[in-house]
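Chemist: The lines below spell out each chain.
Protein chains: 2
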Amino acid sequence: MFEFTLEKTSEKSKARAGRIVTPHGEIETPIFMPVGTVGSVKGVAPRELDEIGAQIILGNTYHLHLRPGEDTVAHFGGLAKFNSWNKPTLTDSGGFQVFSLAKLNKIGEEGVEFRSHLDGSKLFLSPEKSIEIQQKIGADIMMAFDECVPYPSEKIYVEKSLELTTRWAERCLKAKTRDDQALFGIIQGGVFPDLRRRSAEQICALPFEGFAIGGLSVGEDIPTMYEIADFITDHMPADKPRYLMGVGTPEDLLNGIERGIDMFDCVMPTRNARNALLFTNSGKLHIKAARYRLSDEPVDAECGCYTCRNFSRGYLRHLYKTGELLALKLNSIHNLHFYLSLVKRARNAINNGFFEDFKKEILDKITFGGDNV
Amino acid sequence: MFEFTLEKTSEKSKARAGRIVTPHGEIETPIFMPVGTVGSVKGVAPRELDEIGAQIILGNTYHLHLRPGEDTVAHFGGLAKFNSWNKPTLTDSGGFQVFSLAKLNKIGEEGVEFRSHLDGSKLFLSPEKSIEIQQKIGADIMMAFDECVPYPSEKIYVEKSLELTTRWAERCLKAKTRDDQALFGIIQGGVFPDLRRRSAEQICALPFEGFAIGGLSVGEDIPTMYEIADFITDHMPADKPRYLMGVGTPEDLLNGIERGIDMFDCVMPTRNARNALLFTNSGKLHIKAARYRLSDEPVDAECGCYTCRNFSRGYLRHLYKTGELLALKLNSIHNLHFYLSLVKRARNAINNGFFEDFKKEILDKITFGGDNV
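Here the protein sequences come in this chain order: A and B.
For what it's worth, UniProt numbering labels the leading residue of the first sequence as 1, then goes sequentially.
For what it's worth, UniProt numbering labels the leading residue of the second sequence as 1, then goes sequentially.
Isolated chain A (complex conformation):
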């Protein structure tokens, strides 16, 4: 039901190409997963995601638990049927949102008491409860319930927390009853290499189908994030998928891939799209800018997305400035296409032995090009 095949590893870096088989279909890695918080990728329909090249989308357990509720999703036959995506899906554990979005009441051995960010109602999440909810949501991949410590945190706190996360990971595995869903463990440990290593050793000793790096991209500087990711992947098994959670920019994706990461998710492409910031092969482009008023160029001449094939920068600027709904959709389609195309090209480069050159070429262009100049 769940299978990961490592197809190729670069000779010059840790970059790797693989394939994941799930009940809802295959995923070619490295892959970026668009975020569909409450069961829809904001403004983008399933057939558009398909066209963009999305292979797996993410749902947020915390949000889906609040609305429409896991029983409702289950009633409709699970997330993939509910939202008519019908390809692989992944749910997070709810932990990250509980610690970042909700009002935290109490963290204990048993679980976390918190209040809904919507109506303040009292809620409780534990490893067992998270798995129960995720099983009802029915995604192909579930995530273990972990404690996400804020950044910065005292080392002593991070150490205690990673041990708790390990005990919770074991409880998640015990709570899991469905065998058509995979469960991934999450490595914590903040920015402390020795703690990261200890967490990796503990979590990777457990019979998870894949492993994620949690607690990065939460405020630490970028070089630290890369360093930690680089360090941890050496302590993760080669024959299981590796997922860097909540990351990131196009630069982060390429740097993560180079360090042996297979999976990424982030709201950045869609959220930025809704704020008029577009990613292109020559860097970032602020589509609101007055200089695009009369531009009949596409956002990115190298891009093959629906938006770039059909609309000018001038028209997209006009849509954005007048507050038209279509702006949000067309921008989101473009940014997601850019991300999916980037990982697809990275995969091709890995398979053909030139990933490191590809990465350098792209980073040179996207870092210094565009209207960043």
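Possibly wrong hints are sitting among the right ones.
To be verified - Keeping only pairs whose Cα atoms sit at most 35 Å apart, straight-line, the calculated DSBU-like set for lysine-lysine is:
#1 K359(B) to K321(A)
#2 K284(A) to K344(A)
#3 K176(B) to K136(B)
#4 K106(B) to K176(A)
#5 K321(A) to K12(B)
#6 K321(A) to K106(B)
Hints were generated in silico from the structure; no laboratory data involved.
Following the hints, put chain B in place on chain A, whose structure we already have.
Modeler: Showing chain B alone in chain A's frame:
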């Protein structure tokens, strides 16, 4: 460049089927025109409009004049190129918005002074100015600049106004220089049959390529609207298209078609979609309603639109309740498809001699069915 062929007239009513040829393609009538106020049908992309069966979309001259400005639209090669629709388009004259949306300063023989509803800036529209703007926008069909009197108005005022509208109509014809755009005249006269008749006689004596009925659906009761429309079409030439402006509900479309109308436009399907009100073959459906929470039925089992083919009422309700952008788009696609399918089926019924039965059958269902029950 512009041609109207009357293909069939019903033997039992004034319902008619026809065909309009424009520089951007053909339009089969009766037709409903989705409204793309500032150059986009809110939330719906051109290829989706195509799939829905839209044949011509409308742009609002007043809005396009304010943003992005007619010179910008002209720079991009006209409205159809600007928004990548590339099929027939129609622009109104700006008159209706000036009288309904802007702050009116002064109406004179020369034209209308008003202030922008966006920034209060002082603007002036006249027959010549409206045609100049519309020529730059470059739609296949332009509308003459008319005075839209509020409802109710004194008969003496309506009489003076219709005479002014006739003088403005003559000036519009004189101002027109492009021969690849058609120009339609607008009949006014409020709810006074004798004034309507006088306006029709004056306007229809002028060399317009089509004729519209303006100033209806502005607050008068529905039977009055039907009565006036019925009365005026007897005074309009049979060999030119007839356009009932700003109308209306599905019931209004069928009643208008029965009275000899060929063209309609209205924000109702899209605006209602954004407010969770959906049109179906069994009446109106409020998709927000709690009773749809667990419904895995489509919005309308008889509908073949993307939304109904892929999504349940339960999922659409969830999207709407959580404020997801996708809700607005999926709802709009459905409502527009309902309208376009309705006029297509009406055309088929006219061509096959059963329009009046079709109309009765539909009205029985949509008036008493759905969650209106």
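Chemist: Work down the list of hints and note, for each, if the structure agrees.
Modeler: Hints and how they fare:
Simply put, K359(B) and K321(A) have alpha-carbon atoms about 42 Å apart, too far for the 35 Å limit, and the pair is violated. Straight-line distance between C-alpha atoms of K284(A) and K344(A) comes to about 20 Å, which keeps the hinted pair within the 35 Å bound. Using a Cα cut-off of 35 Å, the hinted pair K176(B) and K136(B) holds, with the two alpha carbons roughly 11 Å apart. Between the alpha carbons of K106(B) and K176(A) the distance comes to roughly 74 Å, so the proposed pair goes past 35 Å and is violated.
For the hint pairing K321(A) with K12(B), the CA-to-CA distance comes to about 50 Å; that exceeds 35 Å, so the pair is violated. Between K321(A) and K106(B) the alpha-carbon distance is near 30 Å, which keeps this suggested pair within the 35 Å criterion.
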